[in-house]
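Heads up: the protein sequence lines correspond to chains A and B, in order.
Each residue of the first sequence is one higher than the last, beginning at 0 in numbering that gives the first Met the number 0.
Each residue of the second sequence is one higher than the last, beginning at 0 in numbering that gives the first Met the number 0.
If you are wondering where the hints come from, they were derived from the structure by calculation, not from laboratory data.
Hints should not be assumed to be uniformly reliable.
[What the hints assert, rightly or not] So, partial list: chain A residues that the calculated Cβ filter (under 8 Å) puts toward chain B:
(1) I52
(2) K55
(3) P57
(4) E96
(5) L145
Glycine included, each C-beta is placed from N, C-alpha and C at the ideal position.
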Amino acid sequence: MQDERVLVYRGCIIPLDLLYDVERDVWVRLEGEQARLGMTDPAQTRAGKLVAIRFKRPGTVVERGRALATIESGKWVGPFPAPFRCEIIETNQSGFERDILLANRDPYGEGWLLLVRPLAPEQLADLLPGEEAFQRYRQRIDELGLTCFRCAE
Amino acid sequence: MRIRVVDLGLVSPVRSQTVYHAVGYAFRSDTPPTILLVSTTDPYVSIGYHQDAEREVDLEYCRNAGLPVIRREVGGGAVYLDHNQVFTQWIFPRELVPSRVEDRFAWYVRPLVETYRQWGIEATWRPINDIHVRGRKIGGTGAASIGDAEILVGSLMLDFDTKQMARVLKVASEKMRDKVFQSLEEYMTTMRRELGTMPDRDQVVHTYLEQCSAALGAELEFGELTPEEEAVAAELDARFASEEWLYQKGGLRESGIKIHADVRLHEAALKVPGGLIRVIVRTHGGRIDDVSLSGDFTLLPALGLAAIEQAVRGLSTRREELAARIREVYRALGLQSPGVTAEDFASAIAQAVELAT
């Protein structure tokens with residue numbers, strides 16, 4: 000049974016059924032041999048409204064910490080980093096073509112960024128499950144003085 | 000806190016961009032927070048990281064005019080730069096920089112705004128990343144996360160060549176180019192324009208550094224680049240000058256040419272049974288500020304076109320609202336346009352604004 004609850008701290012939503020790389024602000028949903036990745040609610044809040052995104056091509060192998068995509072908001076450009084070594088299977092190019100604010104509107108749903116194949120199983124062990132990630136996020140959100148909101152609205 | 004300040008004076012076009020990337024890529028735990036000041040010896044065009052060079056810039060013109068076109072790893076749009084701007088580039092460790100992008104710009108922009116104010120120019124921060132003087136933009140700013148560093152870039156806008164800026168952009172018609180130029184004239188300003196005279200670079204820089212020191216509560220120390228930073232810059236000079244770097248495909252981006260935070264120019268063409276409708280739309284705060292319609296269709300009486308252009312000013316860009324207003328003009332003036340309807344004009348305008356580039 001998936002835990003469908005979400006925890007909320009200062010407006011920041013952390014669904015419990017996902018895994019997190021809190022440092023890199025990436026959520027991970029394991030789907031069999033593959034993993035779906037996206038920006039967390041704190042990540043989309045910090046970035047603000049996206050104005051551009053460029054994905055690396057499917058088939059590309061990306062090391063942990065390196066960019067799977069680059070995102071731009073308010074003239075800031077930054078990486079969407081890989082939480083583990085992986086190969087890109089699919090990107091959400093078509094979703095963002097329809098609506099560049101997809102990750103701002105629905106960071107854990109339609110706003111997913113990439114589907115990848117994990118290539119370093121040992122690095123998956125470093126991801127934190129929902130409850131634990133939430134505790135870490137609380138601390139981090141306090142440190143950053145962050146309050147989450149949907150930047151698209 | 001101690002901050003290293005490196006005033007590089009005038010450097011080559013490519014180096015004026017690569018130098019801050021280099022300090023970012025070479026950033027280590029013992030690298031001090033750094034402020035670089037630099038101007039370019041010769042004019043060039045800088046394009047945003049996610050832009051498509053061929054789509055945004057008149058590359059043939061630039062080639063013939065000897066203007067380099069250089070992609071930066073910072074966001075935003077294409078801009079014509081010359082020796083009349085002093086680039087103010089901050090390369091800071093992540094923990095010293097506000098974590099929300101918007102807060103980061105507010106923090107970075109403050110000494111720029113204060114510098115202009117010291118010079119008697121009523122500058123204010125216009126979120127997210129513009130500086131305005133009574134509704135006119137006096138320069139934008141950009142940012143990037145590179146390596147272990149957070150980078151913020153902007154400029155002290157001594158002067159700006161709006162004519163060349165409008166010339167280097169790729170646009171579908173000369174009419175659009177005129178609109179870009181007019182809009183830049185109307186919505187941009189510079190120190191020279193505000194003061195009526197060209198300020199002295201060194202004096203402006205002096206004011207700026209005082210303001211940086213005050214805003215950051217930091218001691219500034221003049222320094223130089225390390226040999227490692229120089230080496231990375233030299234490597235990047237080659238990469239940034241390569242065709243592979245320039246011609247990489249753009250990402251998905253919102254549409255239109257951004258004049259400033261509130262003002263964008265859009266253009267589109269719509270084929271309908273009665274001919275081709277060409278439209279140039281300027282939006283201000285999301286509403287229509289100016290529209291120019293043309294094409295090979297027939298509209299009688301001919302003055303109807305100007306009446307439509309006039310009637311849609313101030314409206315939102317919603318198709319239904321536009322169509323309703325244009326239908327009113329049709330009725331009031333008894334307009335006739337075989338194969339072209341009021342809805343078609345509304346669609347052309349709405350499409351220009353929506354068009355994803």
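Q. Which numbered conditions among the earlier hints are violated in the structure presented, ordered from lowest to highest?
A. When the structure is compared with the hints, numbers 2 and 3 turn out to be violated.
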